[in-house]
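Using the sequences provided together with the hints, build the complete structure.
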Amino acid sequence: MNLANPAEASNRIQEKPRGSGKAAKSILIGLGVAFILIMLVLPLITVCVYALKQGWEVFSGAITDPYAIKALQLTLLATVVAVVCNTIFGLFASWAISKFHFRGKQFLTTLIDIPFAISPIIAGLVFILVFGRIGWAYDFLQAYDLKVVFAVPGIILATIFVTFPFVARELIPLMQAQGNDEEEAAALMGANWWTIYRKVTLPHIKWGLLYGVILCTARALGEFGAVSVVSGHLRGKTNTLPLHIEILFNEFQLTAAFAVSSILVVTAIIILILRNIVEFKGRKEESEHVR
Amino acid sequence: MGQAKWVSSKRLRKKNRVIPGFGLSMGITISMLSLIVLIPLLSIFVVLSGVGPADFWKAISDPQAVAAYRVSLICALAAALVNALFGTILAWILVRYRFPGRRILDGLIELPFALPTAVAGIALTTLYSDNGWIGKLLAGIGIKVAYTPIGITIALIFIGIPFVVRAIQPVLEKLDGQYEEAATMLGASGWQTFRRVVFPEIRPALLTGFGLAFARGLGEYGSVIFIAGNIPYETQIVPLIIMSKLEQFNYGAATSIALVMIVFSFLTLFAINFIQSRLNHAAKGAE
Amino acid sequence: MYVELKDVNKEFKGFRALNDVSFSIEKGKLVGLLGPSGSGKTTILRTLAGLVHPDSGDIWIDGKRVNDVPASKRGIGFVFQNYALFRYMTVFDNVAFGLTVEKKDKKFIKQRVNELINLVGLEGLQDRYPHQLSGGQRQRVAFARALAPNPHLLLLDEPFAAIDAKIRKELRLWLRETINSLGITSIFVTHDQDEAVEVADEIVIVNGGRIEQKGNPADIYKSPATPFAARFIGESLVLDRHETLHGFETYSGYDQAVIRPELIQITKHGKQPILHASEDGIVEDVFFRGSLIEVHVNVKGMRLIGHRSPEEEPLLPGEKVSVLIYRLYLYNEDKVHLAENVRLKDENTVFI
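Chains as they are written, first to last, in this note's numbering: chain P, 1 to 291; chain W, 1001 to 1287; chain B, 2001 to 2352.
Just so you know, the hints here were simulated from the structure itself, not pulled from any lab data. For each residue, glycine too, the CB sits at the ideal point set by N, CA and C. A few of these clues could be false.
Taking lysine-lysine and the DSSO-like style, the derived pairs with C-alpha atoms no more than 27 Å apart in a straight line are [as the list claims (entries may be wrong)]: (1) P:Lys199 - B:Lys2073; (2) P:Lys206 - P:Lys281; (3) P:Lys22 - W:Lys1174; (4) B:Lys2214 - B:Lys2027; (5) P:Lys199 - B:Lys2107; (6) P:Lys199 - B:Lys2104; (7) P:Lys53 - W:Lys1144; (8) P:Lys199 - B:Lys2103.
Over the 12 Å line for every Cβ pair with chain W, so calculated as not near, a few chain B residues [as the list claims (entries may be wrong)]: (9) Tyr2221; (10) Gln2265; (11) Lys2268; (12) Ser2291; (13) Ala2339.
Here's what the structure looks like:
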C-alpha cells in the first residue's frame, strides 16, 4: 500500500474505469442524459417552438396584449411583495431560531415549514375560508368595503403563503452551522442587535440570503394553484401571468399561450443561471473564510 | 405581588441572554407566522366545526372523492418511484463522473423548481397529446398518455425529480471514496460495491427525497391539471376535486377533503421520519 | 480584593457545574484557572464575564457587585477559545470593533488600533482577513481586540489550545510579558499544568465544580492542600501500599500516597550510600526524553517512575537498582500529609 503514488491515490474517483466500469459509466450517463432531455429539455423546446409557430407577428401580438401586460404587472407586484415580506420574516426568524435556546424551537421550525407540506390548493382555500363569503373576517371587510378574495390582496396573500419558508429555510441551517461565537464576542463589546446583524452576521449569510431570495422569486413568479383559487379569474384585474396562460390554453389559443409562457421560460433560465452563480460564489467564499 | 414577580422573572430572562434581539426577532417571527400561516390554517377547523360529522363523512367518503384519493396516491407513488431510480442515477453520474456538459446537466436539474408549473403543464400536455411530438409516437403503438393516469404520472415525475437528486447529491459528495476502494480491494465487483457499500450510505437521503417528491406529487396542481383532463373517477386528482367543490361554492365539502389531504401529507412526512429514525437506530446498533 | 466570587452556584439541567465557588484575586495579578475538562473552570470564567448567570452567590469586580450588570457593561475583555474573530472583517476592523460600538472619534480609533497592533507585533497586517493569518497571529488579534476598549479585567478561555505545540511556548512567554507590562488583571483558563505554572502568578485549581486550592505555583507544587491537587499537579503516581516501603512504615491511617519522579533517586545497584533507607527494584522500561531519561522501576510490585540524567551511566531493562524515596504525599478522604523518609532523618545524612 505504501508503494502507491500519493498523486495517483488522490485522483481516485475520476480515474480510469476499467472494462465493465467503463461500460457502466457510459450506460448510466446515457440514461441520465436521456431522462433529462426527454423530461425537462423537450418541454422547454416545445414552448419555444409553439410560441414562434405562427411567426413573429403573432408572438409579439400575444405578449404585448394589454391583458398579458396587466397580468405581468400583477405577477411582478405579488412577487415583489412576497419576496420583501418573506425576506423580512427570514431574517428575523433565522436570528431567533439560530442564536437562542428556547423551548419549542423544533416545533416552531416545523410550523415554518408547513406551507411546503400542504397543497397550493389548500393554501388558496384557507384564505377563502378567512376572507370569503363564509369567512369569519367577511363582515369586517364588508363594513369597510374591502375585498381580499377575488381581488389583488388575496393573490398577494396566497403568494406570500406558498413562498413563506423559502428565505428562512436557507438562512437557519447556515446560521446554525456558523455558531454564535462571533455574535457573542460582539455582544460582549456592547454592540446592539442591529450592529451585530449588519456587521457580523450578514457577511456570513449574504449568499445564502440571495439564494433564498432567488428561490422565493422563482416560486412566486410561477405560483399557480393557490393564486388560481383566490383569483376568481377576472381578466385584467386578478389575472397573474400563469393564470393568463391557463385561460389562453383553455381557449385553444395555443400560440398565444406559449408566447406568454416563453416570457416565463426566459425568466426561469435567468433564475437558474443566477442560482448557479450565487451557489458557486457562496461556496467559494465560505471555503475561503472558514479555513 | 404577582405582577412584580412576573416583571422580575422577565428581567431575569432578558439579562440571561448575552446576544441581543431575542424579544424583537421572536415577536416578529411569531406575529408573521400567525398572521400569514397559522390563523388562516386554523380557519379550516373553524369551518369544519360548522359542518357536522355526518356531512363531513359524506363529503370525504363520496365515491368520486375516494376515486380521486386513489388516482392521486397511485400516480404520486409511481412518479416518486421513477424519480427515486433516475434521481439516484443522476446524482451518481453528477458526482462520480466527469463528462462534457456535466455542469449544464447539474444546473438543469433545478428547472422544475424555476419553471412555473402552468408552463410545464401546457408544455407537457401539448407534447403528449395525440398529435404532439411524443404523443404521436406513443399513439402509434397504442399508448395514450394525455388525459390518462400515465399523463398525471409524467407531470409528477417532472415536478419531483429535483427533490431526489438534491437530497442524494450532498451525501455522495461527502462519501469518502476510500470505502469503495476498500470494498474493491476486498474483491467486490462494481455492482456489489454499490449495493453493499454505497447504497446503505445514501439510503436515508434517498428516502427523504422520495418522501418529498411523493408529498409534492400528492398536492401538485399546476403541472397536472392540463394533462389530467379532470375526468371523474379516472383522472380527477384530489386538488381538482377540492377546486370543483369550491366552484360549486360547496365550502364544507372542499374543506373536509382538504383536511383529509393535510392529514395524509403529514402522515407521509411522519412515516418517513419514523423509518428514518429506525434506520439510524439500526445503523447505530450495528456499530 | 479586586475580583471576588462568593458562594457561587450554577446548575445546568441537573448537572452541578459550580458548587459554592469562592475565591478572590488581587489587582494586577495574572491568574490561571487550572483543572481537568468538565471541572467547571470555563463556567467560572463565563460567569465572571456575564455569559453565564449563577443560580446563587455574588460576583464582585472592582468593589461593585456585578451580578445584575450585563456582560457588555462589565468592562471585561474576553479572548475566546477559538478567538471568535470576525471572519469577514480585517484585522484593523476586528480590533476597532469595540471602539466603533462605543462611537469613539475616528481619529482616536485609528490611533488606538495602531497602537495595539504595534503592541501585539502585527504591524503591516492591518488589512488581512483572519483566514490569512497563522494561529499565533489570530491569537494576537483576539488579544488586541479584547484590549482595545481598555477593559479593567481580561479573561482568556484556553488561550493556547488552538495553537501548534511549537509556537505555544513562545506565545506563553509573550503573553505573560505583555500582560505584566500592561498591569491588567487577567484570568485565564487551562487544562495544562505546565502552561499554568509557566504563565500564572497564581493558580486556582478547580475540580468537580469546586475550588481545590489557590496559591502561587511553587506553593501548590510543594504543598498540595487536597488529595486532588496532590494527584493533579506534577507527574504524579498513586501508590496504595506505601507502608511497605523502607522509611515509611510508621505512617499509618492514610489510604493512598502520591509520588513524583523528583522525589525518587535511582542508582545502580551497589552504588547507593544510604542503603538502609532505600529499596531494591528491577528496571522495567527506560525512555529517552531528551533532556532526561525516564526510568520505570518495579519495587515490591509497585511501579515507580524516576528521572536520571543522560550524563549518568545508562540503565537497562531487567537490571537491579537501588531506589531511594525522599518524600511521599500521603492522603485520605480530605487530608494531605507530606511524609519524609524517617530513615533519612535518623541518619542526618546530607544528600543532593
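For this session: Kindly indicate which numbered hints from before are broken by the structure, ordering the numbers from low to high.
Result: The structure conflicts with no hint, since it agrees with every one listed earlier.
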